[in-house]
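Please build the complex by placing chains Z and Y on the supplied structure of chain L, with the hints as guidance.
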Amino acid sequence: MLSYLTRRLLEVALTLLLASFVVFMVTEFSPGNVARRTLGPFATQEQVDILYNRLHLNDPLLVRYARWLGVLTGLQADPLQDPALGLNFTDPRGARYFGNFGYSTLYKAPVNDVLWDRLANTALLAGLAFAVIVPLSLLLGVIAGMRAGSGTDRIVSSLSIVMTSVPEFALGVMLVAVFVVLLHWLPGTSPLEREGGWPIAAQLVLPVATLAIYDAGYVARIVRSSMAEVMTRPYVRTAVLKGLPRRTVIVRHALRNAMIAPFTVILLQINWLIGGVVVTELVFGYPGFGRMLLDAALFGDISLIEAATLIALLVATTTQLASDIGYRLLDPQSRR
Amino acid sequence: MPLLSIQDLRVEYRTSSGRMVVIPDFSLDIEPGESVGLVGESGCGKSTLLMAIMRYLGRNGSIPQGRILFEGRDLVALAEPELRQIRGSRIAIVYQEPATALNPSLTIGRQLMEVPQLHGASGRDARAAVVRVLADVHLPDAASIMRRYPHQISGGQKQRVVLALALLANPSLLLLDEPTTGLDVTVAAAVLDLVNELRRKYGTALVYVSHNLGVIAQVCDRVGVMYAGELVEDAAVDSLFTYPRHPYTRGLIASLPRIGADKRSAPLVPIPGVVPSPAELRQGCSFARRCRDADTGLCRTAAIPLRAATDTHLVRCNRFEHLEPLAVPFDVAMPQATSSEPIMEAHDLTRSFRLGRSHLLANDRLDITAQRGRVLAVVGESGSGKTTFARILTGLDQATGGMLRFKGKEIGRTLVRRRTRAQVAAIQMVFQNPDGTLNPSHRVGRPLGRALRRFGIARGRKAIEARVRELLEMVRLQPSVRHSLPRQLSGGQKQRIAIARAFAGNPELLIADEPVSALDVSVQAAVINLLLGIQADSGTTMVFISHDLVLVRYLADEVVVMYLGRVMESGPVEALFAPPYHPYTEALLSAVPLPEPGSGGRRIRLEGEIPSPLDPPPGCRFAGRCPRKVGAVCDTVPPPAREGAEGHLIFCHIPIEELRLVPAVVERGDAELVNVGAE
Amino acid sequence: MSVTQAPFPIATPAAAAEAAERGAPGLLRRLPSSRVAMVGLSLVLFWVVLALLAPVLPLASPNAQDYAAIGHPGSSAAHLLGVDPLGRDVLSRLIWGARTVLAVAPIAVVTAYIVGCAMGLLAGYYRGWVDVVVSRVSDVILSFPVVVLYVILIANIGPSALNIVVAAVLASAPGIARIVRGLVLSLVNQEFVAAAELRRESDLYIMLVELLPNCRGPLITDFCLRLGYITIAIGTLGFLGLGLPPPTPDWGGMIKQGTAMLTVYPHMSLYPAFAIVSLVLGFNLLADGLTELSMSD
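Those protein sequence lines, which keep their order, are chains L, Z and Y. Per our numbering, the first sequence runs over residues 1 to 336. Per our numbering, the second sequence runs over residues 1 to 679. Per our numbering, the third sequence runs over residues 1 to 297.
Bound-form chain L, shown alone (with noise of 0.2 Å):
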């Protein structure tokens, strides 16, 4: 288990590396891009060219992304907080420590004081989306696989199908055209504010019921399938034939093993919620951190996208990991 963990983190680091650069090839492959979307649209081209040299932005890219990293990681100083620039990019942690993600130009700030806040209202929204999703898609998915066939089953899948048919940015619409324009039970927008007079667990429910419903219904339909093809299990079989009641055969027998393939399905449910978030906070101009890497992304915040990709990243690969060694403590025959 040991060597199999050292393995994997290795494997992990090596996967953020690359990804890593290829984050930074796609925002940073064409130089004179960099220095203008630094700048901004009002600098003139002399400025643009200057800066294009002090950087020495015509290095090779690989020599460029060594740079970024030396910068990420605290061994250099981020060459665009140099005051000799005249950019007035400061960061109160100074030019040089670890996990400098540099200078958000859309903010107008250091991107870890701009990062860190939308990521903790991101997270409240992810973990409350998971919280709903884990428990619906179970119950939908084994009630559903239990009796595959059955009524019960063809009802309960047909709902599934029609919740991952509903993409997010279309449903938080029709939750908005319900909830709001005709029922007025809810805000239609989250600023997470106590100003709009909506209680802020009020203005949680559509983003979260945006996020979690068209997921759930994906899930339950791996746990239904899983469920159904362990009812076919010539253990199962056994496990009847011992004389057991139904229930016994359904909870010991066949619920664990129905559980290690969806397993990993849903810890990736954490990925797909990264993406998820984007949608979801630009219907309801939720302030988190996948409004604020689109807004970096549409205004050409090199720095902050960066981050913010970086960041979701380590949580994807993380997540990878984690449901990897879950996979093992659940599975028997995957130790060894």
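Rather than coming from a laboratory, the hints here were simulated on the basis of the structure. Yeah, the Cβ is synthetic: ideal placement off N, Cα and C, and Gly gets one too. Some clues are possibly wrong.
Beyond 10 Å from chain L on every Cβ pair, some chain Y residues (computed) [stated by the list, open to error]:
id, residue
1, His72
2, Gly241
3, Thr248
4, Asn284
For each label pair, taking beta carbons as the anchor points, the in silico distance ranges come out as [what the hints assert, rightly or not]:
id, chain 1, residue 1, chain 2, residue 2, range
5, Z, Ser352, Y, Tyr126, 21 to 29 Å
6, L, Gly94, Y, Pro85, 46 to 54 Å
7, L, Leu2, Z, Arg354, 21 to 29 Å
8, Z, Gly18, L, Val251, 36 to 44 Å
Relative to chain L, chains Z and Y alone:
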């Protein structure tokens, strides 16, 4: 009162293509403590019958008619809670593939203890009961077994655990569905012994389902022969094997090679055709279509009743009194290839794999020679390295040491893509698994045509087409078969295509890797006859890989016995099947269940199972399980070659004189035919 | 040797026909027997037919602005489904928008399949370092949250139909490669592959002719599901403002534009929302029906 009385039972399945009557009308009584065997080809409804007794037919199965009286209660009419009282405690079942019968994510102990606990035992009592039963199934280290998960124990151990599971509640009826299928010969023999022993000890009535007549003869008092869901013959076991009356039973027996018989003295007689699908309409005798003795009148029109031939022998045949003695439908004298020119020679051939820090010696210094035009059999259980040897021979794998010459040229390290076209065409192979041997997406004529084209045998569409037809005729298939997809063919037909494909390039050496082990006995006989016929006609040399000693005795000229990558014994077939034996060969021979009741006789049984082939000890590979182990020398020193007769080598530390003293395991049978009509 | 046995009769015609119906090749032929699949197919065909007929249907131009209608954007005789905030006919934009999505999504999925199948076949057949490289690349791409990948890609290479296809291929091919690789690994040790090697078939022949056709069962289902995913992705990009540049009618973009008036005139967003849901549902039902069919025998 019988323990179990099945009366007019009908079992149907609903499928997308309509209703399938798997069992049309079945009646059978079983007395307490009796052991009844059910035998028949696959698709005859044997397993369905067991599942009907357990009332476990799935959502689409139903019992529209009939009663199953068990201890006076009709199982068909019981409600679910009452059924639960009976399942597991009064009737228990063991089925094939023990690997899947146990829950992979619960420990063995939990799965076993569940049974007594279900019947109200405390945790401590349950554990005690489990330990007791585990000892009964010869798994003495109960504590360690109970802690483990199913994947951590071997196949033979799993089957013992499943048996223990069935016996825990001390049922009065035990159903066994092919419990030894898929196990190695020596392991299966031990499980069979165990079943016999437990039956005596527990006094349980048995229903034992098998396609293997030999197994049935060893375990049962009474045999029911099933065909297309019907009981066609029901007799005491002696009566059935000495005087089979139904043409189907007679066909099954005649299609088996008799121990001691060979291809020159007693050819196999296959049953033509296949078991009808349950979807087909029945009229008259269900076997009439495949029966050599059916007449056009009564056999094809009226339903046939079960009639008493003697007090203990029932048969469902109109004409059983009039049947001719079973005749051999063709006179074969398999030509004896007399040449002794070696076509393939392996010397010190070695294939090792590295697995982490361990070495796996799949083939370890093999010395094997095949003579042109003759049949060389390579015998061994799983892990013996026989398939690895075949793969090196064909160039699908390469040796890591030693030499392998084919027609004088070294080919041991030449993979197939580096061999010349002629070399590739000259060494071809028929594979084991009929379901994997043909590409499921391709019409079956395609590989034949491709082979002809790739080997330059025929050019142009017309010529290829014509040659494909010839090949199909050679394997006795209709030419129109070439447009079929593999799933439309039976297992036997697929193996015929595979044979045609192997012969497309006019090979000089054909490797047949267990080509019939997945087929029903009646089909086996036909495929073996075909293979031997083509081999003899074309003068091709054949390397026949098998674990079936009776079959090997039947068809081989020379035999090599392998164990864990090493050759144990080699020599002419007659020499190998008579003393002196290598102890392993002796154990293999005595593990063969013979279709002759009471033939048990002298047996040696191997302890344990085939050990891991990783990092083997320096001495004899077989030392760990050898019942005749001499001493420490067996573990440390490689055994010397002892010469029994000319060309007969035994690798053993026991001196040859001593080995000669061992009595024969099987008497050489006279291969007389079934003595039908002798009364 | 003289064998008096008659040649084996091939299975009876009825049984043969029944057998031919089974499995992947018969899958599409047996489609009508699955009600779920037929509902899905009709939903998809509904949009396909509308999209094909768009030029001949009596519709307003999708980009023509009816300023008079902006004041009363709801349903009217002139505009059956009303107009959008710019006074453009919603029905017309829906139908023309269907053309966009039904052109871009299949092209993206087919291209992704070509790339993904090639990657999966190579990795599964050769294993070794090829497999390591392909699997590593797949891992890296799959570790990105999909939407994030789309956003940073499109934000940097710019929104256009071609770039959406490029992004979709990049995001989907690794997943397809993973499926194909798994299938190939389960097939490559089958005896028919060894038999092909014993005919000295080329690697390309073995991969494309022996292996790939046997992957089609699971791939057909995945193909339908993926059409749904890509439809959603295109909609999402449109909604995020990274879709096809205006004024091209694009369902996601229409929903986005409508949200400004959502509290007053929800129809502007709701109609395109229903459109996209119905199309995705069609693809999903089709996939579900196909899975059901392939499992039923």
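These are the hints, each one checked on the structure:
Even its closest Cβ contact with chain L, about 18 Å, leaves His72(Y) beyond 10 Å, as expected for a residue assigned away from the interface. A beta-carbon of chain L comes within 10 Å of the beta-carbon of Gly241(Y); the shortest separation is about 7 Å. No beta-carbon of chain L is positioned within 10 Å of the beta-carbon of Thr248(Y); the least distance is around 18 Å. At roughly 5 Å, the least C-beta separation between Asn284(Y) and chain L is not larger than 10 Å, which violates its mark as non-interface.
At about 23 Å, the beta-carbon gap between Ser352(Z) and Tyr126(Y) stays in the expected band of 21 to 29 Å. For Gly94(L) and Pro85(Y), the Cβ-Cβ distance of about 48 Å falls inside the hinted range of 46 to 54 Å, so the restraint holds. Taken as a hint, the range 21 to 29 Å holds for the pair Leu2(L) and Arg354(Z), whose Cβ atoms sit roughly 23 Å apart. Look at Gly18(Z) against Val251(L): about 37 Å separates their beta carbons, and that is inside 36 to 44 Å.
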